[in-house]
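**Student:** The residues making up each chain are set out below.
Protein chains: 2
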Amino acid sequence: MTQTTTRVILSKRPEGLPSDDNFTIEKAPVPEPAEGEVVVATKYISLDPAMRGWMRDAPSYVPPVGIGEVMRAGGVGEVIASRHPKFSVGDHVNGLLGVQTVACVPGDGLHAVDPSLAPLSAYLGVLGMPGITAYFGLLEVGALAEGDTVLVSGAAGAVGSIVGQIAKIKGARAVGIAGGPDKCRHLVDELGFDAAIDYKNEDVAARIKATCPDRVNVYFDNVGGEILNAALTRLATGARVVICGAISQYNNLEEVKGPSNYMTLLVRRARMEGFIVFDYAERYGEAFRDMGGWLTTGKLRYRETVVEGIEQFTDAFAKLFSGDKLGKLVLKVSD
Amino acid sequence: MTQTTTRVILSKRPEGLPSDDNFTIEKAPVPEPAEGEVVVATKYISLDPAMRGWMRDAPSYVPPVGIGEVMRAGGVGEVIASRHPKFSVGDHVNGLLGVQTVACVPGDGLHAVDPSLAPLSAYLGVLGMPGITAYFGLLEVGALAEGDTVLVSGAAGAVGSIVGQIAKIKGARAVGIAGGPDKCRHLVDELGFDAAIDYKNEDVAARIKATCPDRVNVYFDNVGGEILNAALTRLATGARVVICGAISQYNNLEEVKGPSNYMTLLVRRARMEGFIVFDYAERYGEAFRDMGGWLTTGKLRYRETVVEGIEQFTDAFAKLFSGDKLGKLVLKVSD
Numbered sequence: 005m006t007q008t009t010t011r012v013i014l015s016k017r018p019e020g021l022p023s024d025d026n027f028t029i030e031k032a033p034v035p036e037p038a039e040g041e042v043v044v045a046t047k048y049i050s051l052d053p054a055m056r057g058w059m060r061d062a063p064s065y066v067p068p069v070g071i072g073e074v075m076r077a078g079g080v081g082e083v084i085a086s087r088h089p090k091f092s093v094g095d096h097v098n099g100l101l102g103v104q105t106v107a108c109v110p111g112d113g114l115h116a117v118d119p120s121l122a123p124l125s126a127y128l129g130v131l132g133m134p135g136i137t138a139y140f141g142l143l144e145v146g147a148l149a150e151g152d153t154v155l156v157s158g159a160a161g162a163v164g165s166i167v168g169q170i171a172k173i174k175g176a177r178a179v180g181i182a183g184g185p186d187k188c189r190h191l192v193d194e195l196g197f198d199a200a201i202d203y204k205n206e207d208v209a210a211r212i213k214a215t216c217p218d219r220v221n222v223y224f225d226n227v228g229g230e231i232l233n234a235a236l237t238r239l240a241t242g243a244r245v246v247i248c249g250a251i252s253q254y255n256n257l258e259e260v261k262g263p264s265n266y267m268t269l270l271v272r273r274a275r276m277e278g279f280i281v282f283d284y285a286e287r288y289g290e291a292f293r294d295m296g297g298w299l300t301t302g303k304l305r306y307r308e309t310v311v312e313g314i315e316q317f318t319d320a321f322a323k324l325f326s327g328d329k330l331g332k333l334v335l336k337v338s339d
Numbered sequence: 005m006t007q008t009t010t011r012v013i014l015s016k017r018p019e020g021l022p023s024d025d026n027f028t029i030e031k032a033p034v035p036e037p038a039e040g041e042v043v044v045a046t047k048y049i050s051l052d053p054a055m056r057g058w059m060r061d062a063p064s065y066v067p068p069v070g071i072g073e074v075m076r077a078g079g080v081g082e083v084i085a086s087r088h089p090k091f092s093v094g095d096h097v098n099g100l101l102g103v104q105t106v107a108c109v110p111g112d113g114l115h116a117v118d119p120s121l122a123p124l125s126a127y128l129g130v131l132g133m134p135g136i137t138a139y140f141g142l143l144e145v146g147a148l149a150e151g152d153t154v155l156v157s158g159a160a161g162a163v164g165s166i167v168g169q170i171a172k173i174k175g176a177r178a179v180g181i182a183g184g185p186d187k188c189r190h191l192v193d194e195l196g197f198d199a200a201i202d203y204k205n206e207d208v209a210a211r212i213k214a215t216c217p218d219r220v221n222v223y224f225d226n227v228g229g230e231i232l233n234a235a236l237t238r239l240a241t242g243a244r245v246v247i248c249g250a251i252s253q254y255n256n257l258e259e260v261k262g263p264s265n266y267m268t269l270l271v272r273r274a275r276m277e278g279f280i281v282f283d284y285a286e287r288y289g290e291a292f293r294d295m296g297g298w299l300t301t302g303k304l305r306y307r308e309t310v311v312e313g314i315e316q317f318t319d320a321f322a323k324l325f326s327g328d329k330l331g332k333l334v335l336k337v338s339d
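Those protein sequence lines, which keep their order, are chains A and B. Per the working numbering, the first sequence starts with residue 5, numbered consecutively. Per the working numbering, the second sequence starts with residue 5, numbered consecutively.
If we strip away everything but chain A, and leave its shape as in the complex, we get:
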């Protein structure tokens, strides 16, 4: 019996915020798996800021998605056919399934996940790329030390919310920057941040000064733009600025705004460093072991925003940029 997949194709590269004009949704038969391939019924699709970069025809750490190709995305699902020795029908897997309801993909790119240990969607968030991005970004690139003050932007998002919590677990202070009073309350009251800054309603520079009296040892940046610039002015000597993303700039139609205060790196003998979490692939096990333990003991909490239906892809994706979501944003494709 031939399976049918509903898939979202990149039909035109976006300028600015992607809209329905940039994608077509089509139905297509799922091919029979070749040797080494696995057919997966998608349950949840991950919506990540990095996907905006993949839509751009520019050199980066991975090739852009081609026009006419299925939009690239991480996902979790259930194996419904397999010609790969590691996977059997009924297994649950995580990998680059693309924005489609059924995926026929090489098994070598998939990882088995256990739905009895955590909800499937958690493998796209706290136990997935956002979680390990927070983990290695803060601990390795940020070289976190006990007693540090950690400032994180996009703090109510999938990565930022974990950065702040790991900081607390490791004996640092955590201050988060997020949009709106609800998110700020969530950071402090539910996630245990020491303070939160509402960039939509407060003077960010003044609030960083007030909430980080000993200056900032690690600034974990997910947003770029004026918030990065403000954070740079309050770096401590020897500070580390972790460049994880720049969501404020991804849909910019003009030139990206560079951090005009970058010379504080000199005055403060500080460094600004970028990273790609894939470079830590051999050490993912460490992160999953620690994060799993913290989840079990309740030290680490997470929230997610679930949008239902693959045809909602464009609207759901836009929530990453409008901020109209909390924690990890996922698209639910099937039960």
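Heads up, a few of these hints could be off.
Pairs count within a copy or across copies, as identical chains cannot be separated in the list.
[Claimed, not checked] Okay, derived cross-link-like pairs now, DSSO-like style, lysine-lysine, Cα gap no bigger than 27 angstroms in a straight line:
hint	residue 1	residue 2
1	K336	K90
2	K323	K31
3	K16	K323
4	K213	K261
5	K213	K174
6	K204	K261
7	K323	K261
Just so you know, these hints were derived from the structure itself, not from any lab.
Using the hints provided, position chain B relative to the given structure of chain A.
**Tutor:** Chain B alone, transformed into the frame defined by chain A:
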């Protein structure tokens, strides 16, 4: 007998390029040295881009020069009176003497120099702050490795010219960015750089691409602005960007231009790091030993531009920004 000093006082903070309006030149009696102080007859005054920062009323790694105070500057001279046990009349010393012909200063801030080993002015350049800035900036902050491609801006200047030569000594490729064909020829023909880029007459981005086919492992930045931005686009994976200065921005009347291409730090897993050479004070000996050896064996060459007369201070200082000089710029005060 009371000595008289001619001294340059900061009378008004400059906006943009400093001019004679910002300084007054006055004669004053030299005080009798107190216990621990030394009176020095200045021979050469160092003119450095960092001095522009010291004229600004903004927090930095040292306090600003106050209005009405002698302009801060490094210098070398001869001891003419001493109440410090380490220094005797006739000794030659290096330290923050200020822009004045005779300085009465604490002896603890001075270092003895030997005019029989190198010309006195060399202790302000290759054997002074510019030399050790190049040395620790390239080898420590830049973490130079054999086979690296090193790109340096301000390459015909006091620091940049040494950066490129140390790169060559250590088995790396050196490419310099400088203003005008004469400086570029000097870099390649006299200092042994592999290639030079004339930012005044060439397309910098295109020339970086052409001269650094394996991309850039270390970019040593003295200038900031558009050249920094161009260099960022050609970083190699794991590259180090050493922030030493931003001379293109120091006299800016508008907001500093931040590097809009900073997100290449993420794509290339690269870091951008600032430093202050004073932090390496305990290791200066290493640098002076290596640099002295390279000078003796002719592996390291230097040039200087000498302006005569303390009353020429403002005009001479302006040459740092106009580029109308080669190598280390010094003001000669007396024979």
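**Student:** Up to 27 angstroms between alpha-carbons, please classify K16 paired with K323: within, between, both or neither.
**Tutor:** Within one copy only: 20 angstroms inside, 52 angstroms across.
**Student:** With 27 angstroms as the alpha-carbon cut-off, assign the pair K204 and K261 to within, between, both or neither.
**Tutor:** both (19 angstroms within a copy, 25 angstroms between copies)
**Student:** Taking 27 angstroms as the upper bound on the Cα-Cα distance, should K213 and K174 be classified as within, between, both, or neither?
**Tutor:** Within one copy only: 23 angstroms inside, 43 angstroms across.
**Student:** From the Cα coordinates, with 27 angstroms as the cut-off, is the pair K323 and K261 best called within, between, both, or neither?
**Tutor:** Cα proximity of K323 and K261: one copy only (22 angstroms, versus 31 angstroms across).
**Student:** Pop the pair K336 and K90 into one bin, within, between, both or neither, using alpha-carbon distances up to 27 angstroms.
**Tutor:** Only inside one copy: K336 and K90 sit 26 angstroms apart there, 77 angstroms across copies, limit 27 angstroms.
**Student:** Between the shortest in-copy and the shortest cross-copy C-alpha distance, which are at most 27 angstroms for K213 and K261: within, between, both, or neither?
**Tutor:** both (23 angstroms within a copy, 24 angstroms between copies)
**Student:** Under a CA distance limit of 27 angstroms, which applies to K323 and K31: within one copy, between copies, both, or neither?
**Tutor:** Answer is within; shortest intra-copy Cα gap is 25 angstroms, inter-copy 68 angstroms.
Violated hints are absent here; each numbered hint is respected by the structure.
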